[in-house]
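Chemist: Residue-level listing of the chains:
There are 2 protein chains.
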Amino acid sequence: MNLLLLEEQDFTAPQRVRLSGRRLQHMLEIQQVAVGDYLRVGEIGGLMGEGEVVALDAQQAELQVTLTQPPPAKLPLTLLLAMPRPKMFRRILQHCATLGVAEIVLLNSYRVEKSFWQTPFLQPAVIRENLLLGLEQARDTVLPRVRIEKRFKPFVEDHLPALITGTTALVAHPGDFPCCPRALTGRVTLAIGPEGGWIPYEVDKLSAAGFQPVQLGERILRVETAVTALISRLF
Amino acid sequence: MNLLLLEEQDFTAPQRVRLSGRRLQHMLEIQQVAVGDYLRVGEIGGLMGEGEVVALDAQQAELQVTLTQPPPAKLPLTLLLAMPRPKMFRRILQHCATLGVAEIVLLNSYRVEKSFWQTPFLQPAVIRENLLLGLEQARDTVLPRVRIEKRFKPFVEDHLPALITGTTALVAHPGDFPCCPRALTGRVTLAIGPEGGWIPYEVDKLSAAGFQPVQLGERILRVETAVTALISRLF
Numbered sequence: 001m002n003l004l005l006l007e008e009q010d011f012t013a014p015q016r017v018r019l020s021g022r023r024l025q026h027m028l029e030i031q032q033v034a035v036g037d038y039l040r041v042g043e044i045g046g047l048m049g050e051g052e053v054v055a056l057d058a059q060q061a062e063l064q065v066t067l068t069q070p071p072p073a074k075l076p077l078t079l080l081l082a083m084p085r086p087k088m089f090r091r092i093l094q095h096c097a098t099l100g101v102a103e104i105v106l107l108n109s110y111r112v113e114k115s116f117w118q119t120p121f122l123q124p125a126v127i128r129e130n131l132l133l134g135l136e137q138a139r140d141t142v143l144p145r146v147r148i149e150k151r152f153k154p155f156v157e158d159h160l161p162a163l164i165t166g167t168t169a170l171v172a173h174p175g176d177f178p179c180c181p182r183a184l185t186g187r188v189t190l191a192i193g194p195e196g197g198w199i200p201y202e203v204d205k206l207s208a209a210g211f212q213p214v215q216l217g218e219r220i221l222r223v224e225t226a227v228t229a230l231i232s233r234l235f
Numbered sequence: 001m002n003l004l005l006l007e008e009q010d011f012t013a014p015q016r017v018r019l020s021g022r023r024l025q026h027m028l029e030i031q032q033v034a035v036g037d038y039l040r041v042g043e044i045g046g047l048m049g050e051g052e053v054v055a056l057d058a059q060q061a062e063l064q065v066t067l068t069q070p071p072p073a074k075l076p077l078t079l080l081l082a083m084p085r086p087k088m089f090r091r092i093l094q095h096c097a098t099l100g101v102a103e104i105v106l107l108n109s110y111r112v113e114k115s116f117w118q119t120p121f122l123q124p125a126v127i128r129e130n131l132l133l134g135l136e137q138a139r140d141t142v143l144p145r146v147r148i149e150k151r152f153k154p155f156v157e158d159h160l161p162a163l164i165t166g167t168t169a170l171v172a173h174p175g176d177f178p179c180c181p182r183a184l185t186g187r188v189t190l191a192i193g194p195e196g197g198w199i200p201y202e203v204d205k206l207s208a209a210g211f212q213p214v215q216l217g218e219r220i221l222r223v224e225t226a227v228t229a230l231i232s233r234l235f
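Chains as they are written, first to last, in the working numbering: chain A, 1 to 235; chain B, 1 to 235.
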């Protein structure tokens, strides 16, 4: 935890917060803080700064906080992601939040197993929890937006063309395509398929909607690795 | 498993292999192969090609293999990595093998906990097993070399200057340094610190040995994410 994130309801006064639960435990057991110590803090969706521990016991901590610093800029990136296997999904949410992805659209695809959509990790509270872990790591306060689209065809046909207007729209797919570009500065929409890849029909549909297929070389990456590798190359 | 990797001892004749254990289980349970099916295969350290399943039962499989295709080129990269937390270490080995790292040097650092060096994951057989998982994913046959250096100072002072000769030597470190370069074509030595980073003394020693500190922006990445992000940007 490189940043202690504060919820609205933690505030007992404009510059005063009271914490318990996971964050208190982390302060006591990992950071081993004491009264008088300063911690990096940030208000979720807001500014960052520091907090002085003014009271501390086994039940709660009180901090006096000063928030003056804006969070780092988000990447101008919407990630269109075929719904990953649940265990990997949690880690990908964390990676995306850490790397600064602005928006994630979870999409169905032929090779997404139906059971993936049943995972409790898709509950809004669990998505939020994993995104917060990623923000704590990166020192950011702004949650990526997450949108769930369980029907590929109507989403791609009816909504995607408007969504990608004004962006460079790329679909990552192995094959005889141009290499993924580097160091883009404008807005990007990036589509990443499931393990095993998009099926040709899906690549065709995405191409028809305005996406350019791009590839990363002959090595086949796990989705989790591909997400980080593609984002790092694009920005 | 995108590639079935063959050990020397699997061969019963120049083009014939007999398999059991994990690979047989994977063929039966995940790939659900039958006699007559063709699989992508590769000999560890050698060529890739395809194998026809010519006999199959619950105990063993026999394949007739034709190996003609060279594995993908390795990245011209030596990764100097502060020994990571064991659980993350396994995944990093897999990522490195998948991404095509040629050589990994595991190095001590002030912020590496002593207990990390006690992990059974450092046993040569376990390192090899995790590298093979990464190669299977990428479709590669050549194991990265792994070297263990438990003493920072003598290694950096006495061996590193020779090791980095003819390479671009970079140490990833947050701070007021140039951005990590992109799309290098020559040989690179890249040093990545532990969670919490190198200490200033270590950055000074690496700089004195010929490393240029470079940074990736203000977001703090987990080591696992940093490995993939840096490699993807460099090549």
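No wet-lab data here; the hints were simulated from the structure.
On a predicted model such as this, the values are computed, not experimentally measured, just so you know.
Here a beta-carbon is modelled for each residue, glycine too, at the ideal position from N, C-alpha and C.
Incorrect hints may have been included.
As the list claims (entries may be wrong) - Simulated coverage check for chain A against chain B, where a stretch passes if three residues somewhere in it have a Cβ under 8 Å from a Cβ of chain B:
(1) 97-111
(2) 138-147
(3) 220-232
Chemist: Provide an ascending list of the numbers of those earlier hints which the structure does not satisfy.
Modeler: none
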